[in-house]
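Top to bottom, those sequences are chains Y and P.
Each number in the numbering used here comes from the position in the first sequence (counting from 1) with 452 added on.
Each number in the numbering used here comes from the position in the second sequence (counting from 1) with 163 added on.
Be aware that a few hints might be false.
Stated by the list, open to error - In silico DSS-like pairs for lysine-lysine, Cα to Cα no more than 30 Å straight-line: (1) P:Lys482 - P:Lys598; (2) P:Lys293 - P:Lys377; (3) P:Lys230 - P:Lys456; (4) P:Lys478 - Y:Lys454; (5) P:Lys561 - P:Lys608; (6) P:Lys552 - Y:Lys457; (7) P:Lys341 - P:Lys482; (8) P:Lys382 - P:Lys399; (9) P:Lys230 - Y:Lys457; (10) P:Lys341 - P:Lys307; (11) Y:Lys457 - P:Lys377; (12) P:Lys456 - P:Lys598; (13) P:Lys169 - P:Lys552; (14) P:Lys608 - Y:Lys499; (15) P:Lys230 - Y:Lys469; (16) P:Lys427 - Y:Lys463; (17) P:Lys427 - Y:Lys499; (18) Y:Lys470 - P:Lys608; (19) P:Lys399 - Y:Lys470; (20) Y:Lys469 - P:Lys399; (21) P:Lys377 - Y:Lys499; (22) Y:Lys470 - P:Lys382; (23) P:Lys377 - P:Lys341; (24) P:Lys250 - Y:Lys469; (25) P:Lys307 - P:Lys293; (26) P:Lys230 - Y:Lys463; (27) P:Lys608 - Y:Lys469; (28) P:Lys427 - P:Lys377; (29) Y:Lys499 - P:Lys479; (30) P:Lys598 - P:Lys608.
Keep in mind that the hints were calculated from the coordinates and are not lab data.
Keep in mind that this is a model prediction, so the values were computed, not measured.
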Amino acid sequence: MKHIKTLNTRKLQNTIKKGGCGECQTSCQSACKTSCTVGNQTCEQYK
Amino acid sequence: MVHQFKNNGYNIVLDVSSGAIHVVDDVTYDVVGMFLGRTAEEIAQELEGRYPREEILEAVAEVQELKDREELFTEDRYETAVLDFKKRPTVVKALCLHIAHDCNLACRYCFAEEGEYHGRRALMSYETGKQALDFLIANSGNRKNLEVDFFGGEPLMNFEVVRELVAYGREQEKLHDKHFRFTLTTNGVLLNDEIMEFANREMDNVVLSIDGRKEVNDKMRPFRNGAGSYDRIVPKFRKFADSRNQERYYVRGTYTHYNTDFSKDVLHLADLGFKQISVEPVVAPESEPYALKPEDLPVLFEEYDRLAAEMVRRKKEGKDFQFFHFMIDLEGGPCVYKRLSGCGSGTEYLAVTPWGDLYPCHQFVGQEQFLLGNVWDGVTNTAVRDEFKCCNVYAKEKCRDCFARFYCSGGCAANSYHAHGSITDVYEIGCELEKKRIECAIMIKAAEA
């Protein structure tokens with residue numbers, strides 16, 4: 453595309469079909485302990 | 164829902180429900196803002212004089228193409244799936260073990276009240292910790308990866324029990340086909356070579372508490388006699404970080420109303436050589452003088468922008484570092500369920516006091532109305548557990564129209580409770596900061612693309 457550059461190709465709507473395995477890290481076990489951050493986490497299936 | 168913003172010279176369009184992120188030129192940025200409900204001709208007429216007609220029509224065609232591919236103006240159709248997901252029988256997969264309700268520092272902002280959590284000083288016994296690990300294994304269902312954080316107070320004040328529990332966990336994981344991911348959060352005062360060597364072998368991650376510049380750190384993180392802790396901990400933390408090859412750790416600070424210029428603290432930590440840095444807003448009652456105030460927000464936004472731009476600059480010079488709150492995984496990030504179903508406190512994630520009581524998370528410890536049970540009898544207060552089980556993005560009215568809901572999962576239940584007395588509300592200052600951080604994180608990705 454001439455006017456648009458898309459940064460990512462993985463669509464969230466596709467993850468609804470086979471997501472939800474629950475093996476991912478608990479949000480608060482990372483660094484924070486005082487906020488909630490999930491967007492920075494990596495799916496366990498992608499590691 | 165589409166969220167548009169400009170940052171550091173980039174025009175960014177976030178399609179909230181698909182997670183697609185587009186970097187666009189000026190004409191497209193304007194076209195996206197007026198696209199819905201107008202024909203191509205109407206858009207061309209409205210933007211006439213600002214851009215060449217041909218450019219406008221090209222941009223309209225490209226925007227339409229993204230819409231057709233469900234990468235723009237995508238609808239949020241996840242509510243039913245997420246609510247069904249939340250109704251599943253839950254298992255416990257993570258524990259925050261309060262290995263010591265005692266501390267050798269007297270940090271002024273400590274939500275644990277200098278380690279004691281509104282209660283008495285206490286150290287967890289090996290027997291109680293062992294029972295906690297047994298409880299976790301017994302309640303973890305088919306989940307293989309189990310997380311245990313050694314937390315406090317200051318966990319190194321009870322290091323022998325930490326060591327014994329890790330040994331017990333390693334023995335048990337083989338018997339039950341589980342894998343423990345241990346982590347440790349420490350203020351560093353008692354760190355020594357032996358503990359570092361142990362942690363490098365056994366701890367998936369370590370969180371090292373330091374606020375940044377010496378004067379900032381020492382004001383809020385003194386010893387009980389009032390002396391600052393910076394000089395004592397910095398050499399140890401540097402050695403520790405190097406011994407872990409600058410991986411699988413965070414130096415973790417808290418910024419307050421006293422250091423709203425916190426980007427200087429982040430950069431100070433980077434200049435000390437740390438590569439994994441997290442500096443986060445204080446959580447405090449409004450009445451505290453160090454609490455963040457609504458009027459701090461414009462300054463804090465500028466600080467995040469300044470930090471993000473500086474990180475882009477440093478990366479180009481090969482002096483990059485990670486800032487936890489700017490990390491965002493655009494390709495391998497979490498699934499929709501994870502993004503919308505909340506942090507898991509009270510269900511998948513529980514905190515354990517030194518005497519074995521269970522709470523929904525470390526921030527609720529000591530508040531008796533949230534006592535869930537104990538590691539011997541399990542969760543007996545099912546009313547509180549079920550309240551947490553129902554906590555998700557769609558249960559929070561204020562999250563429904565927020566672009567950030569796929570990144571914060573509806574925010575922190577404890578922050579919400581402390582701000583408004585309900586776990587299904589939100590903490591507004593925290594939300595505003597979260598939104599700003601997401602924008603900065605995306606801008607950094609745009610700059611790297």
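Tested hints:
Between Lys482 of chain P and Lys598 of chain P the alpha-carbon distance is near 26 Å, which keeps this suggested pair within the 30 Å criterion. Between the alpha carbons of Lys293 of chain P and Lys377 of chain P the distance comes to roughly 39 Å, so the proposed pair goes past 30 Å and is violated. Our distance criterion of 30 Å between C-alpha atoms is broken by Lys230 of chain P and Lys456 of chain P, whose separation comes to about 40 Å. The straight-line distance between the Cα atoms of Lys478 of chain P and Lys454 of chain Y is roughly 27 Å, inside the 30 Å bound, and the hint therefore holds.
With a C-alpha separation of about 28 Å, the suggested pairing of Lys561 of chain P with Lys608 of chain P holds against the 30 Å cut-off. A threshold of 30 Å between alpha carbons decides the hint, and for Lys552 of chain P with Lys457 of chain Y the separation of about 39 Å lies outside it, so the pair is violated. Only pairs whose Cα atoms come within 30 Å are accepted, and Lys341 of chain P paired with Lys482 of chain P is rejected, the gap being roughly 39 Å. Note on Lys382 of chain P and Lys399 of chain P: the hinted pairing holds, with a Cα-Cα distance of about 20 Å set against a maximum of 30 Å.
As the CA atoms of Lys230 of chain P and Lys457 of chain Y are separated by approximately 14 Å, the hinted pair is consistent with the 30 Å bound. Annotation: proposed proximity of Lys341 of chain P to Lys307 of chain P holds, straight-line Cα distance about 5 Å (limit 30 Å). Between the alpha carbons of Lys457 of chain Y and Lys377 of chain P the distance comes to roughly 43 Å, so the proposed pair goes past 30 Å and is violated. For the hint linking Lys456 of chain P to Lys598 of chain P, the alpha-carbon distance of about 17 Å falls within 30 Å, and the restraint holds.
For the suggested pair Lys169 of chain P and Lys552 of chain P, the alpha carbons sit about 37 Å apart, so the restraint of at most 30 Å is broken. Among the hinted pairs, Lys608 of chain P with Lys499 of chain Y is consistent with the structure: their alpha-carbon atoms are about 20 Å apart, no more than 30 Å. A hinted pair counts as satisfied when its Cα atoms are at most 30 Å apart, and Lys230 of chain P with Lys469 of chain Y qualifies at roughly 21 Å. Restraint check for Lys427 of chain P and Lys463 of chain Y: the C-alpha separation of about 36 Å exceeds 30 Å, so the hint is violated.
In summary, the hint linking Lys427 of chain P to Lys499 of chain Y is not supported, as the alpha carbons are separated by about 33 Å, beyond the 30 Å threshold. Under the criterion of a C-alpha separation no larger than 30 Å, the hint pairing Lys470 of chain Y with Lys608 of chain P is consistent with the structure, at around 26 Å. Between Lys399 of chain P and Lys470 of chain Y the CA atoms are separated by roughly 44 Å; this puts the pair beyond 30 Å, and the hint is violated. Taken as a hint, the Lys469 of chain Y and Lys399 of chain P pair is broken in the structure, with Cα atoms around 47 Å apart against an allowance of 30 Å.
Taking the CA atoms of Lys377 of chain P and Lys499 of chain Y, the gap is near 37 Å; set against the 30 Å cutoff, the hint is violated. Of the supplied pair hints, the one linking Lys470 of chain Y and Lys382 of chain P is violated, its CA atoms being roughly 49 Å apart against a limit of 30 Å. With a C-alpha separation of about 42 Å, the suggested pairing of Lys377 of chain P with Lys341 of chain P is violated against the 30 Å cut-off. Proposed proximity of Lys250 of chain P and Lys469 of chain Y is supported: the alpha carbons are some 17 Å apart, at most 30 Å.
Between Lys307 of chain P and Lys293 of chain P the CA atoms are separated by roughly 18 Å; this keeps the pair inside 30 Å, and the hint holds. The suggested pairing of Lys230 of chain P with Lys463 of chain Y holds, with an alpha-carbon distance near 13 Å, which does not exceed 30 Å. Between the alpha carbons of Lys608 of chain P and Lys469 of chain Y the distance comes to roughly 27 Å, so the proposed pair stays at or under 30 Å and holds. Of the pairs offered as hints, the one joining Lys427 of chain P and Lys377 of chain P holds, with about 11 Å between alpha carbons and a cut-off of 30 Å not exceeded.
Simply put, Lys499 of chain Y and Lys479 of chain P have alpha-carbon atoms about 26 Å apart, close enough for the 30 Å limit, and the pair holds. Taking the CA atoms of Lys598 of chain P and Lys608 of chain P, the gap is near 16 Å; set against the 30 Å cutoff, the hint holds.
Comparing the model with each earlier hint shows violations of hints 2, 3, 6, 7, 11, 13, 16, 17, 19, 20, 21, 22 and 23; every other hint is respected.
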